[in-house]
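**Q** Sequence:
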Amino acid sequence: MKKYTYFTFQFPKKTIIIVLIVVAIVAALQTSFNIKERCIRSIFGVSQGVTLEGVAIQHHLDHELKEFIDKAAKDKYHEPINARVDNVWKGIPGLNGISVDVEKTIAKAMSAKRNEQIQIQYKQWEPEIQLKDLGAVPVYRGNSDKKAMSLMINVAWGTEWIENILDILEENNVKATFFVAGNWVEKNHESLLKIHLAGHEIGSHAYTHRNMSTLSKAELAWEIDKTDELVKKVIPHAKINVFGPPSGDFNQLVVDVTNSKGKIHVLWTLDTVDWQKPASQVIIQRIVPKAENGALVLMHPTESTVEALKAMVPALLEKGYKLITVSELLSSERNDLVIGDSIGFP
1 MKKYTYFTFQ FPKKTIIIVL IVVAIVAALQ TSFNIKERCI RSIFGVSQGV TLEGVAIQHH
61 LDHELKEFID KAAKDKYHEP INARVDNVWK GIPGLNGISV DVEKTIAKAM SAKRNEQIQI
121 QYKQWEPEIQ LKDLGAVPVY RGNSDKKAMS LMINVAWGTE WIENILDILE ENNVKATFFV
181 AGNWVEKNHE SLLKIHLAGH EIGSHAYTHR NMSTLSKAEL AWEIDKTDEL VKKVIPHAKI
241 NVFGPPSGDF NQLVVDVTNS KGKIHVLWTL DTVDWQKPAS QVIIQRIVPK AENGALVLMH
301 PTESTVEALK AMVPALLEKG YKLITVSELL SSERNDLVIG DSIGFP
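So for the sequence shown, full-length UniProt numbering puts the first residue at 1; every next one is plus one.
Quick caveat, the hints were computed from the structure, so don't treat them as lab data. Since we're looking at a predicted model, the values are computed, not measured. The C-beta atom is built at its ideal place from N, Cα and C for all residues, glycine as well. Keep in mind that a hint or two might mislead.
[As the list claims (entries may be wrong)] Computed list of lysine-lysine pairs in DSS-like fashion (alpha-carbon distance at most 25 Å, straight line): (1) Lys261 / Lys290; (2) Lys147 / Lys261; (3) Lys66 / Lys90; (4) Lys217 / Lys261; (5) Lys147 / Lys74; (6) Lys319 / Lys194; (7) Lys226 / Lys239; (8) Lys123 / Lys71; (9) Lys310 / Lys175; (10) Lys263 / Lys147; (11) Lys261 / Lys310; (12) Lys104 / Lys132; (13) Lys239 / Lys194; (14) Lys123 / Lys108; (15) Lys108 / Lys175; (16) Lys226 / Lys194; (17) Lys132 / Lys239; (18) Lys66 / Lys113; (19) Lys233 / Lys175; (20) Lys232 / Lys263; (21) Lys239 / Lys187; (22) Lys132 / Lys74; (23) Lys90 / Lys232; (24) Lys108 / Lys66.
[Claimed, not checked] Derived CB-CB ranges, DEER-like: (25) Asn335 / Gly135: 46 to 56 Å; (26) Gly262 / Val55: 17 to 27 Å; (27) Glu170 / Lys232: 19 to 29 Å; (28) Ile129 / Glu160: 37 to 47 Å; (29) Glu170 / Lys239: 17 to 27 Å; (30) Lys232 / Trp275: 27 to 37 Å; (31) Lys74 / Asn164: 43 to 53 Å.
With the hints as extra help, turn the sequences into a complete structure.
**A** This is how it looks when you write it as structure tokens:
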């Protein structure tokens, strides 16, 4: 049978008391430190329940936020892209550079209220070469790095389907550009005003619906100026930035005169060919499968178009495209990169 020897250590009572006191002091200091830390974060940190792009940042101090945001911002920097003339698509607009605005994001986080959901803030800067710097060139599309499209609606006859189109656009919270003919404006002030008040852009579709390539320089200038004049009688402060030639007919003189009037000469990327009144499903198939960044989609106010838009607009939005005005699409502004959306945040 094995025998075991047990050793016992006996500490003086005073030593035990001292050890207990030291442990108590350390625990008290740690508790005090934790309380102090919590107080500092509660007073000087981000408010309770605040999230940044869905990430909880409550009680973070500003230097911690900076480190966090700096790290995430590295892959969210994009250089500006210059406008250029393409052999096929002619004028291609540039695109702003963009990066995370660290200071502005921190300031927004530190001032956020309890349980507020905030987004990363961005700053943009323009490219050296803008679309206007290219001179008199036609434009068929926006920048292919911009995940957005524009619906361009040529209006030269009737008002029967205008309100239906406006309703669909409003229901989906999207904006379009209506290219109006001057002789249509003369007879349809109320419809023009409704388009404007709904927040859509007004473009010029000349005064008559003649082929612009057959006109002289003076006649072209009159077509554009007369339409501007008529629009401004209804909408005094209207600024018409874009011109769409009737039937897409033009020559270089048309582009030159348009440019001299401070307007962009706009054509289209995708055509619904809705003036032939095809079935709505045919229109949808002409556009949705071919949707692409920067596309300009031509259409008219017809019954087929109305039926097609009911499905087409939601389908394009579902694909991630933002539907914006032509001027917005052709600007260098990165308004496809909505804060907290397509750039994202980890």
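**Q** Need the status of pair Lys310, Lys175: alpha-carbon distance at most 25 Å?
**A** Holds: Lys310 and Lys175 sit about 14 Å apart, inside 25 Å.
**Q** What's the verdict on Lys261 and Lys290, does the C-alpha distance respect the 25 Å limit or exceed it?
**A** Violated, at about 33 Å.
**Q** For a C-alpha distance cap of 25 Å, please report whether Lys226 and Lys239 respect it.
**A** 14 Å, holds
**Q** Taking the Cβ atom of Glu170 and the Cβ atom of Lys239, is their distance within the range 17 to 27 Å?
**A** Taking Cβ atoms as reference, Glu170 and Lys239 lie about 22 Å apart, which means the hint holds.
**Q** Within 17 to 27 Å or not, the Cβ separation of Gly262 and Val55?
**A** Violated - the Cβ-Cβ distance for Gly262 and Val55, about 45 Å, lies outside 17 to 27 Å.
**Q** Using the Cβ atoms, figure out if Lys74 sits within 43 to 53 Å of Asn164.
**A** 48 Å, holds
**Q** Compare the distance between the alpha carbons of Lys319 and Lys194 with 25 Å, and conclude whether the hinted pair is satisfied.
**A** 29 Å, violated
**Q** For the pair supplied as a hint, Lys147 and Lys74, is the alpha-carbon distance within the 25 Å limit?
**A** Holds - the C-alpha atoms of Lys74 and Lys147 are around 21 Å apart, at most 25 Å.
**Q** For the pair supplied as a hint, Lys263 and Lys147, confirm whether the alpha-carbon distance does not exceed 25 Å.
**A** Between Lys263 and Lys147 the Cα gap is close to 24 Å, so the pair holds against 25 Å.
**Q** For the pair Glu170 and Lys232, does the Cβ-Cβ distance stay inside 19 to 29 Å?
**A** Taking Cβ atoms as reference, Glu170 and Lys232 lie about 25 Å apart, which means the hint holds.
**Q** How does the Cβ-Cβ distance of Ile129 and Glu160 compare with 37 to 47 Å: does it lie in that range?
**A** 43 Å, holds
**Q** Would you check the hint for Lys108 and Lys66, treating anything up to 25 Å between C-alpha atoms as holding?
**A** Cα-Cα ~12 Å, so holds.
Of the hints listed earlier, those the structure fails to meet are numbers 1, 2, 3, 6, 11, 12, 15, 22, 23, 25, 26, in rising order.
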